[in-house]
Amino acid sequence: MSVKQLLILAPTFVSLFLLQSYFWVPTFEDQARGDPGRLTRYIQSSIGDASILNPTLSADSASAAINSLVFEGLIDRDMDLSFRGRLAESWRIFEEAYLVVDGSERLPDGTPATPEGLVRHLERARAAKHPSLRLVERIEVEPAEAVTAELEAEPAAPGKPAKVAQVTLRRPPRLKFTLTEVDQDFFARLDRLLGGYITRLDPRRFLDPALPPALRAQAAELIPPAEHNPVIVFQLRRGVRFHDGHEFDSGDVKFTYETILDPKNLSPRVPDFEPVKSVEPQGPYAVRITYKRLFQPGFESWGMGILPEHRLNREALRKEALALGRDPERFSVRDSRFNRSPIGTGPFRFVEWKTDQYVRLTRNEDYWEGPPNFREFYFRIIPDLLTTELTFYAGTTDEYGAQPHQVSRLRDDPRFKYYSGLALGYSYIGYNMRRPVFQDVRVRKALGMAINVQEIIDYVLYGQAEGTTGPYPRQTDFYDPTVAPLPYDPAGALRLLEEAGYRRNAGGWLQKDGKPLAFTLITNSGNEIRSAIMAIAQNAWRRLGVKVETLALEWAVFINERVDKGDFDAVVLGWSMGLDADLYQIFHSSQTGHFQLNFVGYSNPRADDLMVRIRQEYDPGRQVAMARELHRLIAEDQPYTFLYVGKWTQLFDRKIARLVPGPDGTSRYAPIVTTKLGSPKFHFTQWIKVPHPVDFPVHAAN
Amino acid sequence: MAVERVEGRRRLRGESPSRIAWRVFLRNRVAAAGMVTVAVFFGVALSGLMLTKGDRPILDPREVRLPDKLQPPLSTPNREALPPELRPRLGVYLFGTDELGRDVFARMLEGSFVSLAVGFVAVGIAVAIGLVLGGVAGYYGRVPIGIGRFRPMTVDTLITGLIDVMLSFPSFFLILTVVAILRPSIWNIMIVIGLTSWEGTARFVRAEILSLREQEFVQAAAALGAPGPRVVLRHLIPNSVAPVMVSATLGIAGAILTESGLSFLGFGVPPPDATWGNILADGKRYLFDAPWLTFIPGTAILILVLAFNLFGEGLREAFNPRLRQG
Amino acid sequence: MLPFLVRTAWKKLWTLFFISIISFGIIHLAPGQPSQIDPLNPRFTPQQLERYRQAFGLDQPLYVQYARFYQQFFTGELRSFKDNQPVFGKIVERTRNSLPLFILGTILIWCYAFPLGIATAVRRNTLFDRSTTVLVFALISIPGFYLAYLAIIFVVQTFQVDVIGLRTFGREGIGPWYAMMDRTWHLVLPSLMGAAAGIAVLSRYVRSQRLAVISADYVRTARSKGLDEDRVLYRHALRNGLLPFVTMLGLLIPGLIGGSVIFETIFAWPGIGRLGYEAILARDYPVVISINFIAAVLTLIGTLVSDLLYMLVDPRIRL
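Residue numbers (our numbering), protein chains in the order written: chain A, -7 to 694; chain B, 645 to 970; chain C, 33 to 351.
Each computed DSS-like pair below joins lysine-lysine, with the alpha-carbon atoms no more than 30 angstroms apart:
{"no.": "1", "chain 1": "A", "residue 1": "K409", "chain 2": "B", "residue 2": "K713"}
{"no.": "2", "chain 1": "A", "residue 1": "K504", "chain 2": "A", "residue 2": "K539"}
{"no.": "3", "chain 1": "B", "residue 1": "K928", "chain 2": "A", "residue 2": "K346"}
{"no.": "4", "chain 1": "A", "residue 1": "K639", "chain 2": "A", "residue 2": "K409"}
{"no.": "5", "chain 1": "A", "residue 1": "K246", "chain 2": "A", "residue 2": "K311"}
{"no.": "6", "chain 1": "B", "residue 1": "K697", "chain 2": "B", "residue 2": "K713"}
{"no.": "7", "chain 1": "A", "residue 1": "K639", "chain 2": "A", "residue 2": "K437"}
{"no.": "8", "chain 1": "A", "residue 1": "K284", "chain 2": "A", "residue 2": "K256"}
{"no.": "9", "chain 1": "A", "residue 1": "K256", "chain 2": "A", "residue 2": "K346"}
{"no.": "10", "chain 1": "A", "residue 1": "K256", "chain 2": "A", "residue 2": "K246"}
{"no.": "11", "chain 1": "B", "residue 1": "K928", "chain 2": "A", "residue 2": "K409"}
{"no.": "12", "chain 1": "A", "residue 1": "K673", "chain 2": "A", "residue 2": "K409"}
{"no.": "13", "chain 1": "A", "residue 1": "K539", "chain 2": "B", "residue 2": "K697"}
{"no.": "14", "chain 1": "A", "residue 1": "K246", "chain 2": "A", "residue 2": "K168"}
{"no.": "15", "chain 1": "C", "residue 1": "K257", "chain 2": "A", "residue 2": "K(-4)"}
{"no.": "16", "chain 1": "B", "residue 1": "K928", "chain 2": "B", "residue 2": "K697"}
{"no.": "17", "chain 1": "A", "residue 1": "K639", "chain 2": "B", "residue 2": "K713"}
{"no.": "18", "chain 1": "B", "residue 1": "K713", "chain 2": "A", "residue 2": "K539"}
{"no.": "19", "chain 1": "A", "residue 1": "K437", "chain 2": "A", "residue 2": "K557"}
{"no.": "20", "chain 1": "A", "residue 1": "K639", "chain 2": "B", "residue 2": "K928"}
{"no.": "21", "chain 1": "A", "residue 1": "K168", "chain 2": "A", "residue 2": "K121"}
Read the hints as simulated data drawn from the structure, not as lab findings.
So that you can see chain A by itself, here it is in the shape it has in the complex:
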């Protein structure tokens, strides 16, 4: 063979060989070519990799997506967003309330307030069916007790740690009430029955007079006159096994709680569990959780995935540390290999994790609710959004989250089915109320009225959003649908500003007492929707005669230097919310300090009171009523201009359906149904891919 022939043949052969390989690759329509098992695999893609597969330590959404399949919590939310038992079969919530007995006080009948006297007095009222004692099941006396605590004698100074003093206090005897329900007004009513006895209680009376004055205030806090201790008792599901075969029991619940609170582990979940006073197993299948104070949002946090104690307890960690040649004293759960090969009780068990490539799970045949239909679950990492879309078209990703501008194009594609819903959160413009300009509600209102929110929704978000009027997610009951949105009314806005004392000067700019109405609107860079909102607001306000500068700052600078320090005039931001009614961190006037979330400095005593009462209220009906009142109050005060709630759209291959057991023991295909939030993946364990798309009769929602 001559060289010339070789030079022609070699490229021809290589090209042909490469091109023919196409015929062995499956197409979108024929994904099971050469591999029927493809129909029992689910591939979800993500731009970023998971970071730590431990539900108590993870803080990113990729890790959360995997953890929610491998781990399971005691409870979760069902289709209607009510709580549902998972690892817990049932639960009971009641309260233990404590009242300090002060012998120097007198009861309404003039007798000294001894423990026995109080009990006698209350039992008599209970026998008479006094309404304030309706919920009381039992009244007991707790003897006096010594309390030891470490107090801060001198606060920490720069470069010097705080000086700590150990003090022992004598706590007087207390009455312990066991209530059938949690009642935040129990003591208020009791106080009336006892003739103001509780109001008069002063813990400083119980302190040793020798105590240094610097410590007295702190010490007094350790002896609260009256204390609510809500209690949750979970009855746990029997016979549930971790993926390694070890049985799940109450010890695992306690261990998970301790892991979160152990400061060595740096868990981001500490704020949710800090109000817990104790977690006590009651036999292997029940666990009793006592809270230090009323904290209703705490219930939801028991949806936290439960860790296997036997894999991570002190002894197991010690062994692991020695095997790895690390110092056992400094080796924490965070260092354990468990976080890259987790073991839980969830419907899928962990198989392998290839960094920046995929996390692979296989179904848990032993799952207490029956194994999922999908045999395998892949969490695939594709670093690029556009190629993600293309893998979806090629059938190697089963789920795809469409951007707003793509929705109209993809929604009508017959190859896919889509689900859409409102996000749990909202975008807003926040006004820094420490600035004199923004202290006037009329100014805030006028600025909001000048912005055409509908225009933002139509042009910036391609219609993939809806307006909102207040601080709660639109889907929850806490959102008051009767609150009217702020109208788009530039003329009315101008009138309001004139009412507030602003007049147009020669240049057409609004001013008051010679000072122009001017401020800077900031947001973080890299978010083009927020930049667009900023531009729209600037433009709208300029037409009103308000001078506005805009500034997009790098996220870290934006948050750490400006927002957290309250160093801004107005800000475009968004909140993503949970399903609870608690707004304390975002709007309570005590949360306005550096690095706290009420960075706009909103303060309204009535709203403050409501926020405190909402997080202490365990009765859903009363909580909703208060939340709606709070919504109305905040909408009236307009600390933010509430803009819109975004919509998400998720696309799926049309070949995905549910396979459910029929009444006669056979299985049949059923359409996918969505939860109240519009999410289709509630029944994920029933999902399966069928070889060819099935058409169901159209089902109405729900």
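With chain A's structure known, arrange chains B and C on it following the hints.
Relative to the frame of chain A, chains B and C by itself:
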């Protein structure tokens, strides 16, 4: 052969080698087309600078017109939704609009200057470093360096060593790393690209000086007391202008591509400066929905870089007598 | 021979030393204390900062940090900030993934560049030559990622098959032939993209080699002896023209890592380039430094090997 004869005749008439090369170059129509294109782009860049800079530019690349977002090329503005002062000067969106309704034509004009500037400054830095280091290595190469009596190497080994070191690194990854650590900014990108692409020039200059030094007339001049460096310089400059220009031309093409690659990875010239690279990289999100957002900058880069490459290749052929034929 | 080897080795050692300094020095580029690198960067968590302090011993003088880093590097104790896995193992694994791309890319370059270069040289200044020249330069003039996107979109939209990743993701338990072809198919686009620039450069190189050789004395002699034109062009000319390519071997390795960053990211290819990019994004300094260092060392070895080869092939060269 034929060439030699032609050259011989021209020599007689007193034509210098570079004149001949130039003639050869112009006869290469592809290369000449490349040069003309480059010249046209220069004009575009300069007019872009004048039309889009300042507080009230004639074509404002930053004007956001949301009602007119993602309009295809040649579409007319939406008259009801836009106040008159926001309508484009040309009466039409020549290249369409982007996701914020900004005029892509104005942005491309603005970007043309920045993109070329990135290429020029980066290559300018590279050529300067290359000339200095190559010159030093060539002329003072034999000077030993070290401390006291310990002199393990000469200037030449140091500099050629440095060239070897730089050639060993994967240059794009090195640039990416350094830009990521220093944070991307237009200056950082120019400097880093410049600092990592001087090796070719340095090598060439060094070799040229070494060969010059050996030539009789230089040695003769040195013997006659003429300052050595000046003699070398006088003969060096005419000899190396062309090759340095070749590598500079190709270098600019490379720098523009490198910038677009960095933009794709998120480490390119950050906004508000528009470059063709970052317009292209930003447009990729809308590849399906607004293909012109990538097609226009992509094609512009292709044409410009292609022109530079063909121009450079033509120069290389023209100045290399071995390739010069027929 | 021996003195030459010793001299070369000595020189390469010095180069290695400088490479190690530059690789390590990169992380000290940011102004201020390296411990303050992006204290505001949300990606840099406190745990990472703590590991950073431990890994680099920031309170020590620079040369101690340097020695400590390379001690950890060479004993294999160096661990990634991101997932706490040994850096060396990660790099080996990812390099293994990149290798097929690299090999196929090289095959493609050589397969296409030679015929193309020779054909254009033979038909120089014809329409064919000019159009090929423009086309070949167009290949290196278009931003690689744009070309890659266009290619991917074209293939996926037309044929509805997967081209992203090592293989059709989620396809398991298929026969070996299926599996092999599947992998081959997934190699096609990325290796072609990676090879495009190489084909362009090398074919131009071959072309100019050819042009020089065609007019060289010995070819003229051969031709005048009445040898077959093709034989002259391909056999004789090829042998002498091959020499410079040996040199190119050593310089291919930086391309393996540098050039692949973009394509591996687009194709979600778990190779060394993407490892480097993800490490840069995550500020995973041990990995970033190691990749730079290892790539430079490999190149160094490559040039050493090609120097030796050169010497064996062409006995005239005695450096």
